[in-house]
Amino acid sequence: MRLRTQVLLLQLAVLAVSLAVGFGLVIAGADDRVRDEYAQRALAIARSVAADTGVRVAVAAQQGRAVEADELVDGPLQRQAAAVRERTGALFVVIGNDQGIRLAHPEVAELAKPVSTDPSKALAGSDDVATDRGTLGESVRAKVPIFDPGGRIVGFVSVGVSTERLAKETRSDIIATTLLALTALGIGALGSVMLARRWRKLTLGLESDELVREQGAVLHAMADGVLAVDADGIVRVVNDKARALLDIDAPVGTKAADLGLTPRIAAVLATPTDEPLAATVGDRVVLVSSHRVHADGRDLGMVLSVIDRTDVEALSREVDSIRSMGAALRAQRHETANRMHVLAGLLRHGHADEALDYLEELFGSGPGGALLAGLGNVREPHLHAFLDAKAAHARERRVTLRLGDQTWLQGTLTEPVVATTVVGNLIDNALEAVSGQADGIVEVELIADGDTLFVSVGDSGPGISFDDPDEVFAEGATTKPGDHVPGGRGMGLSLARQVARRIGGDLWVADPGGERSPAPEHDPPGALFVARLPGIIAPEPDEEVER
-2 MRLRTQVLLL QLAVLAVSLA VGFGLVIAGA DDRVRDEYAQ RALAIARSVA
48 ADTGVRVAVA AQQGRAVEAD ELVDGPLQRQ AAAVRERTGA LFVVIGNDQG
98 IRLAHPEVAE LAKPVSTDPS KALAGSDDVA TDRGTLGESV RAKVPIFDPG
148 GRIVGFVSVG VSTERLAKET RSDIIATTLL ALTALGIGAL GSVMLARRWR
198 KLTLGLESDE LVREQGAVLH AMADGVLAVD ADGIVRVVND KARALLDIDA
248 PVGTKAADLG LTPRIAAVLA TPTDEPLAAT VGDRVVLVSS HRVHADGRDL
298 GMVLSVIDRT DVEALSREVD SIRSMGAALR AQRHETANRM HVLAGLLRHG
348 HADEALDYLE ELFGSGPGGA LLAGLGNVRE PHLHAFLDAK AAHARERRVT
398 LRLGDQTWLQ GTLTEPVVAT TVVGNLIDNA LEAVSGQADG IVEVELIADG
448 DTLFVSVGDS GPGISFDDPD EVFAEGATTK PGDHVPGGRG MGLSLARQVA
498 RRIGGDLWVA DPGGERSPAP EHDPPGALFV ARLPGIIAPE PDEEVER
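Numbering (this note's numbering), first residue to last: -2 to 544.
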């Protein structure tokens, strides 16, 4: 059975039960209400007759003498009772004396006889309302006392309304109530049918289970993560991809503030952000953007889109390494070409001694290994070539790159991309810091302790400008103008720290430099960063033998 049919039948059932209960109570009390209404009417008639002066005088005149039926047939009491019965439609109007003898009755044969029901309560001075059976059948009757002008009880008046008439009135009320209930049920059924049609139109003919199934299929088949919150910040939709990328375990219905999102992602979720921003979640790099949803002038909440960029960032780091090597080769080629031109000129003009002196000056400082003094202490091939490339790049930017005195590294990197990512980001930031200085200096020191690599990079720049030096590692934190790539700038140091921590290491600011370090204990005196990268150095085979 289709859901809209189920809903229609359920609505009809609810209407039917509600109407049955409500109108059933009305019908159940209809007989009592009509009976009470007729009793009050009979009581009012009886009181009216008992209060009539002529009736009181006539009844009082019958005291102390024998009652003769012939005298009563055309007497004033009989005429008065008949007139009242005719006007009110009562079944009977009976007038009796204090002995319970009828002085007026609808049937003449009953005159001067005792009444068929007990009049003692009325003769005692109280009104008596009851349903009883007499000579004229069952009726709702009321008995009230009659007082003479002196206040003495001299008789009573009994007025009755037939229960058959009462039953007709009750049946009439029940029929009217039933018709009203059926009309309400019909209107409710018509409204339910119209609602079902409206529902079908809004859902394009799809059932709710089909809608849920299709929504789930679409959301969970998407390559991007989707997180939707309503206007109150409650999570309403989150697909599997978003759970994986944002590390979300909370169920739908959780407040966005309780999801454990990083500050950068939480800020994007709170404020519409059309331009994708790069953010880190654990060991992943994601692009996040958001937009607010409005419908019919109402704010329905926010939708956050999440794109995995981890693989792209890994490729970017490798490309950066290749680009650095390319820059080094280009710089070395340029350097070699210049030197060869000098040598060719000296030899062409017969200055052999000067050419020999020039070669001796260049010995150990050419492409074979001399742009960076002390590079021979770095025997790990990846970092050796990488530092050589960075030295050539620094020289092009008119910056001096030098190795610290304690630098010593041998063995082989087990994760060269991790090492080059951290070292490369630190050197690049240091080069940016000293760019524009006449004698900019960047110093790198690499020390191996077992399988752990310690890296320190200092510069002669102005130091870190943030109030809290650790803010330099925040996503998007930068003093450089943003570019047009998704995510902008400010991700280098954040990624470097993330990479270091992923392998159990860390990256921190050892000295912020500048005004916060007026008397630095290191040279150059600018900012100093230190990284610890455990487990990334494998000893060379001969080292294993020696150990």
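Just so you know, the hints here were simulated from the structure itself, not pulled from any lab data. Even glycine gets a Cβ: it sits at the ideal position worked out from N, Cα and C. Please note that the accuracy of each hint is not assured.
Between beta-carbon pairs, the in silico distance windows are [to be verified]:
#	residue 1	residue 2	range
1	A181	P269	45 to 53 Å
2	L187	A48	54 to 62 Å
3	L176	G294	42 to 50 Å
4	H291	D520	55 to 63 Å
5	G447	G250	19 to 27 Å
6	R376	D503	45 to 53 Å
7	D354	R376	24 to 32 Å
8	V290	V190	27 to 35 Å
No more than 25 Å apart at the CA atoms, straight line, and that leaves these computed lysine to aspartate or glutamate pairs for DMTMM-like [to be verified]:
#	residue 1	residue 2
9	K238	D271
10	K165	D255
11	K118	E107
12	K165	D33
13	K198	D296
14	K238	D255
15	K165	E83
16	K118	E34
17	K110	D71
18	K118	D49
19	K238	D305
20	K110	D95
21	K165	D129
22	K252	D305
23	K165	D145
24	K198	D305
25	K238	D308
26	K238	D293
27	K252	D271
28	K238	D221
29	K252	D229
30	K198	D221
31	K110	D49
Enumerated hints in conflict with the structure, sorted upward: When the structure is compared with the hints, numbers 5, 6, 10, 23, 24, 26, 30 turn out to be violated.
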